[in-house]
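J.: The lines below spell out each chain.
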Amino acid sequence: MHASELETTEYGGASDNRMNSSAQPDLSIRLEQVGHRFGTRKVFSGIDLEVAAGQVCTVTGPNGSGKSTLLRIVAGLLAPSEGTVSVKANGQVRSADARRDFLGYVSPDLTLYKELSAAENLQFFGRLRGITLTRDDLIERLTQVGLRGRGRDLVGTYSSGMRQRLKYAFALLANPPILLLDEPTANLDVSGIAIVETIVAAQKSRAGGGLTIIATNEPRELEWGDMTVRVDAEA
Amino acid sequence: MTTFENAASETRVSWWQQTFALLAKDLKAELRTKVAISAVGVFTFASLLLLGLATAVLKEVPTIKLLGLSYPATLDQLLGKQQPAWDSPSKLGMLWVLFCFAAFAGLAHSFVHEEETNTVTALRLSMSAGAVYTGKLLFNLIVLLVIMLVVTPVYIAMTGMKIGSPFVFLAVMLSGGVCLAATATIIAALAAKAQGTGALYGALGLPLLLVFLLLLMNAAGTVYVENAPTLRIVKDVGGLFSFGVLIISMSAMLFHFVWEE
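Residue numbers (the numbering used here), protein chains in the order written: chain A, 11 to 245; chain B, 99 to 359.
Any given hint could turn out to be false.
As the list claims (entries may be wrong) - Straight-line Cα separation of at most 20 Å, EDC-like style, residue types lysine to aspartate or glutamate; simulated pairs:
no.	chain 1	residue 1	chain 2	residue 2
1	B	Lys163	B	Glu324
2	B	Lys126	B	Glu213
3	A	Lys124	B	Glu128
4	A	Lys98	A	Glu193
5	B	Lys291	A	Asp119
6	B	Lys291	B	Glu214
7	B	Lys132	A	Glu125
8	A	Lys124	B	Glu214
9	A	Lys98	A	Glu60
10	A	Lys124	B	Glu324
11	B	Lys126	A	Glu125
The set of hints was computed from the structure by calculation and includes no laboratory data.
Here chain A stands alone, though its shape is the one from the complex:
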């Protein structure tokens, strides 16, 4: 299969339809028989997936099917109950902790500090990643997500759409080669959606190829994907 082809694979039971792709060796995500349960409730199982540099994979499925859980597992924020997740970046397989240095994550369950301004948030998280942001850097990054002129405002005073935009500035802080986007255009207006579309396109065409996984049910966002994985909740 080629990355340009739109492929759809359905999961929920223990189906085994692995995505093959023209994988580049230095950046890839590979899931083998991944499943997760919360207590006794099984969310999904038997997910096999391989995404390589330059590809956009969309994950779709009904509410509660585990799309967000799958993204948290890929991000290393949650350990899968079964199966293995292998994230290769710069040619090396990374542990759950180490892989976080190579990914940007946008999700409804991600929140930045409301008691700090947008600029303070970016400076803080930049410092944690060893990035010193000058005033010009901050302006550039806020402009990139359409928040120019609002950097000094406390995040607590932001609208939900502005907070969503700021999450993109946070996710792109370290120029990560992997982007994990859960409901990427939630709360965004038309211009916000255009920004996200540009970010996804830029990620795809970046030097060396970026990799994006999007969890969504929006038809427009599903069109961004080179491949689609459908996750159905276990009965």
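Let chain A serve as the given structure and place chain B on it in line with the hints.
T.: Just chain B, lined up with the frame of chain A:
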């Protein structure tokens, strides 16, 4: 629109840089919101007021020491007409009981707030578990020391508590502060992860707190021993400090399992 041509940097930031970044962020947020200081401060001063009212009738009464035991020195005391004595070791113990409750009322905020507002996800994506623990521990220690610095002189003025040997008193206060901050920090992390708040916090903290208070009472007794032997000071105050070091070491080793889901 900027395109992203650079790959993510593999430069690892040292844990102490992350620790101080988190500490600076927490202090900035605290100075802005004053949530922890208010919680600890209000609790402490309310307790001080109640304590002052409740113990207004308690006075230190003179005693005669004979064969290592204290005996009533006045007839009124002997006949039970005078209120029982409230000596300095008891006062110091009461001060620490007050600090314990204040710490458990306010210091949980640092972790519980991160969980409740979901900022924990951004933190987990950006820094190591060890740096989070150290940053939160230092923040709690600073808040506690500030409260101790303000409350202790007020308490001494209110109750007339003697400080005995100043050096030993200072050592006990600092060691106790380290112990209490360490205990409160790890219990707060456990309670936050268990999605619990006050009640669970107290229940989880009780076993550690009991050991801490026993060691503290032991060390507090040494403060008021005249010309206490150096060995006793090292044993009692060192025991308290060692418990703090033990809690910090165990917490640092185990925090990863608390922090990660």
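J.: Run through the hints listed earlier and report the numbers of any the structure violates, in increasing order.
T.: 4 and 10
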